[in-house]
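*Asks:* Start from the sequences and build out the full structure, keeping to the hints where you can.
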Amino acid sequence: MCLRHQSAIRPEEEEDEPSAQVTIRDAELLNREINQSLSSLFKLFPSVIMKQKKTVRNQARKDSPGGNAAIKSEKKTEGNSFFSWLLVLALLGAWLSVGVMWFDLVDYNSVVGALGGVYDADGDGDFDVEDAKVLLGLTEKPVMVASPENPLGEKELHEESLPGENKESISHSPHGSTYDAEPSLEFTTEESRPANQISPELPPATQPVPTSVSTPESITETTEFTEEPSVESKEEKEAKKKKPKLLNKFDKTIKSEINAAEKLRKKGKIEESLHAFEALVQKFPQSPRCRYGKAQAEDDLAEKMRSNEMLLKAVNSYREVADLPDVPPDLIKATLKRRADRQQFLGRTRGSLATLEKLVQIFPEDVSLKNDLGVAHLLLGDNKSAKRIYEEVLARAPHDGFAKVHYGFILKSENKIAESIPYLREGLETGEPGTDDGRFYFHLGDALQRTGDKSAYDWYEAGHRRGHFASVWQRSLYNVPGLRAQPWWTAEETGYTVLVKMLERNWLTIRDEALSVLDGTSGQFLPEDENLRETGDWGQFTLWQQGRKVAASCRHVPKTCALLERYPEATSCKRGQIKFSVMQTGTHVWPHTGPTNCRLRMHLGLVIPSKGCRIRCTNQTREWEEGKVLIFDDSFEHEVWQEAESYRLIFIVDVWHPELTQLQRQTLSPI
Numbered sequence: 001m002c003l004r005h006q007s008a009i010r011p012e013e014e015e016d017e018p019s020a021q022v023t024i025r026d027a028e029l030l031n032r033e034i035n036q037s038l039s040s041l042f043k044l045f046p047s048v049i050m051k052q053k054k055t056v057r058n059q060a061r062k063d064s065p066g067g068n069a070a071i072k073s074e075k076k077t078e079g080n081s082f083f084s085w086l087l088v089l090a091l092l093g094a095w096l097s098v099g100v101m102w103f104d105l106v107d108y109n110s111v112v113g114a115l116g117g118v119y120d121a122d123g124d125g126d127f128d129v130e131d132a133k134v135l136l137g138l139t140e141k142p143v144m145v146a147s148p149e150n151p152l153g154e155k156e157l158h159e160e161s162l163p164g165e166n167k168e169s170i171s172h173s174p175h176g177s178t179y180d181a182e183p184s185l186e187f188t189t190e191e192s193r194p195a196n197q198i199s200p201e202l203p204p205a206t207q208p209v210p211t212s213v214s215t216p217e218s219i220t221e222t223t224e225f226t227e228e229p230s231v232e233s234k235e236e237k238e239a240k241k242k243k244p245k246l247l248n249k250f251d252k253t254i255k256s257e258i259n260a261a262e263k264l265r266k267k268g269k270i271e272e273s274l275h276a277f278e279a280l281v282q283k284f285p286q287s288p289r290c291r292y293g294k295a296q297a298e299d300d301l302a303e304k305m306r307s308n309e310m311l312l313k314a315v316n317s318y319r320e321v322a323d324l325p326d327v328p329p330d331l332i333k334a335t336l337k338r339r340a341d342r343q344q345f346l347g348r349t350r351g352s353l354a355t356l357e358k359l360v361q362i363f364p365e366d367v368s369l370k371n372d373l374g375v376a377h378l379l380l381g382d383n384k385s386a387k388r389i390y391e392e393v394l395a396r397a398p399h400d401g402f403a404k405v406h407y408g409f410i411l412k413s414e415n416k417i418a419e420s421i422p423y424l425r426e427g428l429e430t431g432e433p434g435t436d437d438g439r440f441y442f443h444l445g446d447a448l449q450r451t452g453d454k455s456a457y458d459w460y461e462a463g464h465r466r467g468h469f470a471s472v473w474q475r476s477l478y479n480v481p482g483l484r485a486q487p488w489w490t491a492e493e494t495g496y497t498v499l500v501k502m503l504e505r506n507w508l509t510i511r512d513e514a515l516s517v518l519d520g521t522s523g524q525f526l527p528e529d530e531n532l533r534e535t536g537d538w539g540q541f542t543l544w545q546q547g548r549k550v551a552a553s554c555r556h557v558p559k560t561c562a563l564l565e566r567y568p569e570a571t572s573c574k575r576g577q578i579k580f581s582v583m584q585t586g587t588h589v590w591p592h593t594g595p596t597n598c599r600l601r602m603h604l605g606l607v608i609p610s611k612g613c614r615i616r617c618t619n620q621t622r623e624w625e626e627g628k629v630l631i632f633d634d635s636f637e638h639e640v641w642q643e644a645e646s647y648r649l650i651f652i653v654d655v656w657h658p659e660l661t662q663l664q665r666q667t668l669s670p671i
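Here UniProt numbering is used: the first residue of the sequence shown is 1, the next is one more, and so on.
Bear in mind the hints are in silico, worked out from the structure with no lab data behind them.
Do not rely on the hints blindly, as some may be mistaken.
Claimed, not checked - In silico DSS-like links for lysine-lysine, alpha-carbon gap of 30 Å or less:
id: 1; residue 1: K267; residue 2: K245
id: 2; residue 1: K283; residue 2: K255
id: 3; residue 1: K549; residue 2: K559
id: 4; residue 1: K269; residue 2: K242
id: 5; residue 1: K611; residue 2: K454
id: 6; residue 1: K243; residue 2: K269
id: 7; residue 1: K249; residue 2: K333
id: 8; residue 1: K337; residue 2: K242
*Replies:* Structure below.
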């Protein structure tokens with residue numbers, strides 16, 4: 001019946017090839033045919049079903065007047081009815097399939113091919129009608145466009161932690177930041193790094209808004225750009241398709257035995273896997289793949305046991321693999337890269353450097369290995385060698401984003417501020433692996449600030465969106481999530497009122513001891529060496545650092561140190577200092593932030609000129625008073641001017657953030 005109707009509609013199809021394009025008239029006719037068939041089927045089957053019910057009931061009355069027979073008969077009728085409706089659905093499915101395929105309504109091959117690549121075609125996180133439209137070519141795939149609120153087109157990341165959990169957000173390791181400093185230009189890495197590195201923003205009621213500087217809302221076109229689909233090169237596509245070849249000819253002959261041991265490792269049966277690989281190494285001592293499997297099993301077991309001794313065994317096993325004859329190049333690369341990584345983890349930085357140098361010698365064309373070698377030099381503080389490495393990389397691959405951000409980082413450490421900016425900016429814009437690091441956003445913004453470029457705040461906003469900064473203003477990189485965040489504090493808010501009252505009550509004693517050191521010839525006040533000054537002189541005399549008392553300093557100011565001994569919130573603060581700070585006239589300290597949100601900073605005025613000394617934290621500016629304590633959170637941006645006619649002398653006391661638990665205070669690493 002269906003075929004006769006189709007023949008009447010399109011008789012030319014008996015001789016010619018059916019058209020691949022469906023017309024509106026074809027669709028209308030198909031719709032009409034389906035409706036007619038549906039009507040016929042619905043008319044036909046209900047009558048049959050009713051007739052069956054009637055017949056069964058009559059027969060039941062005749063044959064058995066009992067109730068049980070009637071019930072059984074009724075159930076049978078229901079079964080027939082259910083079977084009839086299944087038949088209806090089957091016929092409908094067949095008719096629809098024939099209709100769709102006959103009129104070529106959908107190009108199934110293209111749809112299935114597209115679905116095989118990606119399901120979420122419109123980027124909204126699920127597969128729905130809009131995705132189907134994109135896959136069928138009815139609508140275009142949307143392109144992510146940067147907005148003023150999100151200059152990099154990124155989803156905002158947030159980190160959650162359980163109450164009381166000692167979880168820290170780390171984007172930068174500012175080792176050497178012993179003063180009132182920004183994150184150090186000494187390059188460091190963290191072995192373990194949380195995926196989302198951000199602390200909660202300020203509550204709306206307390207969040208400051210800048211007045212005379214660029215705001216997060218004033219993002220300009222200088223950093224606004226569209227994220228376009230990346231076009232992969234042939235080499236990148238081939239690299240993705242190409243699986244590393246880890247077996248030599250001999251290892252292929254024992255592949256089944258290797259796979260059996262490897263299967264145990266992948267299932268988490270690490271001890272069994274290690275025993276299996278050890279047996280294979282004994283049996284086949286010249287097999288690189290067996291020895292590599294042994295090294296991997298030792299590596300996994302070291303992590304499980306948290307054993308440096310076991311990890312050292314793995315490091316040695318990786319070396320043994322590379323020293324064997326007839327090792328496939330892919331296996332050599334995988335082995336030595338992992339060995340360098342594990343050496344770095346163990347703190348054997350020079351050993352890691354030697355391993356990477358060997359890799360670069362074996363694979364001189366691999367730019368990524370040279371980039372890793374540059375980082376190894378930076379970790380050793382050898383910026384000169386790292387700079388040479390990155391210059392070589394950029395000569396060969398001028399658009400390499402990883403090399404650019406690290407080269408810019410080195411230039412800024414050399415105080416070549418203007419020169420560092422294009423490398424940091426262009427490197428970040430590539431979005432390449434290894435570039436999305438809070439240090440690079442921090443130092444690009446800082447460099448732009450020092451050159452008077454207000455787009456610095458656009459990059460701070462971008463760093464915030466990426467999850468590196470708690471906010472545009474609060475740019476510390478060693479953070480514990482969830483701590484109360486506000487630029488200025490009162491003594492009552494901190495809960496340290498007893499300490500504050502003690503300092504204010506004894507300020508003259510503290511001042512006199514400081515003056516005795518300042519006026520002496522001992523040279524105890526050391527110049528600030530974190531490159532924070534634009535102009536002037538700034539010296540500091542430290543009594544406690546990273547929670548440790550500097551006994552030599554306290555001998556010069558015994559009364560001051562004795563007063564502080566009773567206040568562990570200050571003396572045990574491993575992320576702060578207690579020190580005197582003297583600033584000479586004509587000094588300007590660049591806008592900067594401290595390294596962590598885990599501390600608050602108290603300033604006790606000792607010698608304060610009547611005019612010309614002020615401190616800005618976010619958009620609020622205040623002045624010191626002799627004998628009074630100012631309290632602020634130095635993880636927020638702050639800036640200092642000393643324009644008086646004589647020096648300014650204050651006493652700085654860092655204290656733990658009051659919301660940190662006792663356990664957190666004991667276990668957080670020093671800064």
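*Asks:* Determine for every hint whether it applies to the structure shown.
*Replies:* Status of each hint after checking the structure:
1. K267 - K245: 22 Å, holds
2. K283 - K255: Holds, at roughly 14 Å.
3. K549 - K559: Roughly 14 Å separates the two Cα atoms, so the pair holds.
4. K269 - K242: Roughly 29 Å separates the two Cα atoms, so the pair holds.
5. K611 - K454: 29 Å, holds
6. K243 - K269: 25 Å, holds
7. K249 - K333: 18 Å, holds
8. K337 - K242: 19 Å, holds
Figure legend: structure checked against the earlier numbered hints; every hint is met.
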